[in-house]
Amino acid sequence: MEASIAKPTNYLNATHGAASWFLTKDHKRIALLYLISVSIFFLMGGVFASLIRLELLTPAGDFVSSETYNKFFTMHGVMMVFFFLIPSIPATLGNFLVPMMIGAKDLAFPRINLLSWYIYLVGGLMAVSAMVMGGVDTGWTFYTPYSTAVSNTHVVMTGVGIFIAGFSSILTGFNFIVTIHTMRAPGMTWMRLPLFIWAHYAASLIMIMGTPVIAVTLLMVVLERVLHFGFFDPTRGGDPVLYQHLFWFYSHPAVYIMVLPGMGVISELIAGFSRKPVFGYSFVAVSSLGIAFVGFLVWGHHMFTSSQSIYAGLIFSFLSYLVAIPSAIKVFNWTATLYKGSISWESPMLYAMGFIGLFTIGGLTGLFLSAIGLDLHLHDGYFVVAHFHYVMVGGTLLAYLGGLHFWWPKITGKLYYEPFAKVSAVIVFVGFNLTFFPQFILGYMGMPRRYHQYPEIDGWQVLNVLSTAGASILALGVILPAFYLTYSWFKGPPAGPNPWGVTGLEWETASPPPTANFEETPIVTRPPYAFTNEDAHV
Amino acid sequence: MSEVHAALADHGHEHHPRLQHHFDSLEQQLYASTFGMWVFLVTEVLFFGGLFMAYIVYRIWYPDMFVHASSHLSVPLGTFNTAVLIGSSLTMAYAVNAAQRGARPREQVIWLFGTMVLGAIFLGVKVIEYMDKITHHLVPGPNFHFEDPAYQATAQIYYSLYFALTGLHASHMIVGMVILAILAYKAAKGQFTAEWYTPVEIMGLYWHFVDLVWIFLFPLLYLIGGAH
Amino acid sequence: MLSYLPFFPPQGSTHAASVDALYVFFVAVTAFFSVLIATLIIVFAVRFRRRSPDEVGAPIHGSLVLELTWTFIPLVIAMVMFVWGASLYFQITTPPSNAMEVYVVGKRWMWKAQHVTGQREINELHVPVGQPVKLIIGSEDVLHAYWVPAFRMKMDAVPGRTTTMWFEASKAGTYQLFCAEYCGMSHSRMIGMVTALEPAAFQTWLAGGKSTGTMADLGAKVFTDLGCSTCHMDSAQGRGPSLKGVFGSQVTLASGDKITADEAYVRESILTPTAKMVAGFPPLMPTFQGVVSEEQIAQLTAYVKSLATAPAAPGAGTPAPAPGGAPAAGTTQAAAH
Amino acid sequence: MSGHIIGNRFTYFLVFIALMVGTAVTVAVTYIHLGWLNLPLALAIATTKAVLVIMFFMHLKDHPKLIKVTFAAAFFFFAILVAHTLSDYLSREGHGMQTYPASGLVANP
Ligand code: HEA
Ligand code: HEA
Ligand code: CUA
Ligand SMILES: [Cu+2]
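Residue numbers (the working numbering), protein chains in the order written: chain A, 139 to 676; chain B, 8 to 235; chain C, 249 to 585; chain D, 37 to 145.
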């Protein structure tokens, strides 16, 4: 950071030196620490993705050995899920914005917030060192008994890394919940909260209710591997399927940890770029809680072929259809918000529109998988891979990129070069569809996932080549922002407090904001997204 | 909640040295800490919950094995430890109470220290019990040996659960004792007054929670086979 | 019906058409909503694009009628999806009682199959067309899953438990077999072929295939070798109950409960004899855990089944037995990679 | 409002006595053969003791509703975990019980 002269102090230039960053208690600086670290993990995960796609270019397993390939997809999944996607929006944008949006000076527990970053870092370093020492090959799901009794890779190191990182997620969720409950500015009632806050509140609930269970489950795996305990060991009468129950009790809700904050971002973007209140505010707000709650009841839909009882399968299938309803409500309300809006086509809005379309496809293909009769065919095939990349990449990653662009001027005080941003949004969209759409077809045709080589069946290679080609385009699209955003930080024109002309407390303070966020505690008198005076009186 | 916030905003002008800059008042700060601790305890319930889930499944599957395997636990020692832990909850409650009343540092330290002593006794007994299991080859793994061959395999599940549950519980106590030591030190320096005693109060919640877990572990692990 | 279209695997079983039909329905719903949403977004975004920098949108806050509409329509569609998916599930997971049984064991990294008549195969499976086939699946090590895309069916092989899946091949041909549950290094090479043969051709195959005797015969041998016969005699003199007529019957347990003796019960009796004690007998039977292999359990089960006096217990129907005395040999046909 | 909740030392002592009595009772009933009743009884006593600790030592009874709901939610979500998992285990085909494989797994190298 160059010393900026004669500028108003803000959170970036208020103090200097490494210690002022690594020991900071300012949620905004911690958000930036997180931003840098999750980006690194995303790039690592992305490199593994590229290697996966290279291997699958040809049917034969000719690029790397099967052991290596197995490590590639495992570490891709682990990095992307636990070290990128779960912390991505909450720990960066959420950390930055939750206090600002509710008019608070900081999160309730700033020191714990910093601690959560260090915990994340320790967990991440353990996962990375496991990777450097030779990697892990169990798949990101760590199914027993392979993970406990058979794999001879670094399961323990990775497992402990995830265990530790889990606590950082718990602490973030915990901090958000307490903050949202106790630190709202005068006048900031629940029904005046921006939808971003509702979404983060709902996601935080999952973080505190679900994450401890995955932590203890991984602990059991580690105990079983290291001390030869027997929780899931079938040779001693244990049940490998019990592991799956415990794993998915967290990991299904976790997919909503991944997508809910993204949905929060989308609500802000849609409202901001149509200059209009979100249609059906209370429905969108409450549907977040609905998703979080019902999300806890459906985990068995990952286990339809696991030998789980057919009755349990039916219940899980039924509830999976219920969880689709709040998502549907959101999609329709966002679309309706556009009606009679004043819509500007700026890059964050492009991401938001992409999100709605791709999440719809991703979500609806989730419904294929919840139909038990159909899942017996689709399970563990590329259809599943396509489904979750549509929701996680087409959904959350797009929301993350959109949000990053939207709040970038607030975070850095600088404007990036918009045409670049537009182009890269389009590249991401095109590359993404080219990568993952063919995988739906491959999946229905029967290509199993986690396959290092595949038989030469009509059309399979063609579809895989398309997918790899798409992945290269996608890689270009996601790497571009790293360049022009960084450039803008140093050389971009100043943004001013509210470059987009939108509402929200965070836009009422300077860009970048002062350390205490606001000159004076704001007093809230209107609902969110009140663009006209008429909006202000509901 | 925000109503608190609003109400407090008006008269939140006292500047207690303990008030962190991002809170408006000590009340708000105390409320956030207390609420935060309860939220933390929620995560603890679910943390132990995963293990309890495994316990439930296997208890349903192997009821007889549980009876046989648990017969190697010492009910007198378990009962003794339960009493010790309940006693430590009482001393902890008195420690909080002493801080709240702004009692003399000496009194605060006595109760905190008493809690630590009882905790140490509990852990000491736990060590004796663990040693006993080790010498009798009741640690799951290749050296496990159970006198009834019919349960040689499945009894390892019981002991896995036993060690995991009690081990996790004991590690919570160790953490608790470290914090107690820090609090005792601070109390000795007279840092806790009737105005500000949040750490002691929070710690009390934690300690009682650990007691709570044990209240369930005791009958579920020790008191299975009594009638047989 | 759709097998000639691209993007579909061949339809090799009677399930395939119904699964495809459900799939087409889902594709249609997905296409409908995706196109609807995409169209609305584009139309609105163009039609209501911002025309001046200070323009704001219309103050519209919502509409209860619309909210209810887009709650209930998706709910109804979702319920149709659920009911259709669930009924299909029941249909394709409940084996008809005349299903022919084949034992399949997953082992890193091969699929071993053994027919009731004794033929063994590795990474291959021969089945007759037009005859329901029930696979009884076990695993010797980790999780695997038996997946034949042409049959639209898959089932996990779970160590410690037997699982079942059934299908009826509808067309002769060879179909891909995959291991769908990740199982380590050569997961992607744990593949093979399922060959569906016309019934006559299947009989020829059975006759030509090298059988080591029927599974029940093999089981009888294991029964003597492991000393089961020392306790389980035909008469009442044995220390254990006579196993005649046990399979498929109601067994009264020491606890007073009655249960039907099925495959899982036999398996459990061998591996955890103390779990379910037969009334009137002491807990004498040792566990054979670690002594018998997964395959031997299958053979013992087949043997115990054959002792059932009833004219074949339900689910035990077998095709015409292979001619006795077929040349003995180990496993048949080597794996085709 | 949470404010300052200051407990009564005598109440604490009474609770302590009640917990001790509960402990004695729960040990005693284990030695009375009640068949299936033993387990629910033990759990009932444990729950009673737990409620005493939560309400009096931890003062949940004096805390605002938000905190009560929060803590109750933990048990609610645990109940979801148990109920849904058991929906599988209690309705499995066969005997709801499993038997373990004949040969051991490949040892962990
Ligand atoms: C962000 C992550 C995310 C999200 C949001 C979702 C959302 C959903 N997922 Fe997905 N899923 C994953 C990530 C995610 N999933 C991952 C990572 C896996 C694989 C894990 C692994 O095995 O490695 C997986 C796997 C997976 C499976 C298991 C497949 C298998 O292994 O066999 C199933 C099965 O039911 C499923 C279902 C669903 C459903 C019903 C939703 C619903 O929430 C979707 C709801 C949304 C909509 C329905 C769209 C909007 C609605 C409309 C536009 C209106 C029209 C609606 C109707 C007509 C009802 N998912
Ligand atoms: C957040 C979650 C997330 C994200 C963002 C992604 C992103 C991508 N994923 Fe991944 N994926 C998962 C989560 C995710 N994935 C999970 C959970 C699994 C399951 C794992 C398992 O089975 O256990 C999986 C599995 C998976 C598979 C299946 C492997 C298999 O089953 O055998 C494939 C195959 O195509 C794939 C591809 C991709 C691609 C092309 C991207 C692209 O979007 C990535 C784009 C980004 C980049 C490319 C980074 C840019 C970096 C550079 C440009 C640097 C360039 C440098 C070099 C190339 C040296 N993923
Ligand atoms: Cu066997 Cu994968
Ligand atoms: Cu799921």
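Worth flagging that the hints you see were computed from the coordinates, not collected in a lab. Each hint should be verified, as a subset may be incorrect.
Covered stretches of chain A (chain C as the covering partner; in silico rule of three or more C-beta atoms under 8 Å from a C-beta of chain C) [said to hold, decoys possible]:
1) 199-206
2) 281-288
3) 350-364
4) 409-420
5) 468-474
6) 503-510
7) 516-524
Each computed DSSO-like pair below joins lysine-lysine, with the alpha-carbon atoms no more than 30 Å apart [to be verified]:
8) B:K193 - A:K163
9) C:K419 - C:K524
10) C:K360 - C:K419
11) B:K140 - A:K163
12) A:K560 - A:K163
13) A:K478 - A:K560
The model shown is predicted, which means the values in this text are computed figures rather than measured ones. Even glycine gets a Cβ: it sits at the ideal position worked out from N, Cα and C.
Exercise. What hints, given by number in increasing order, does this structure fail?
Worked result: 3, 9, 11 and 12
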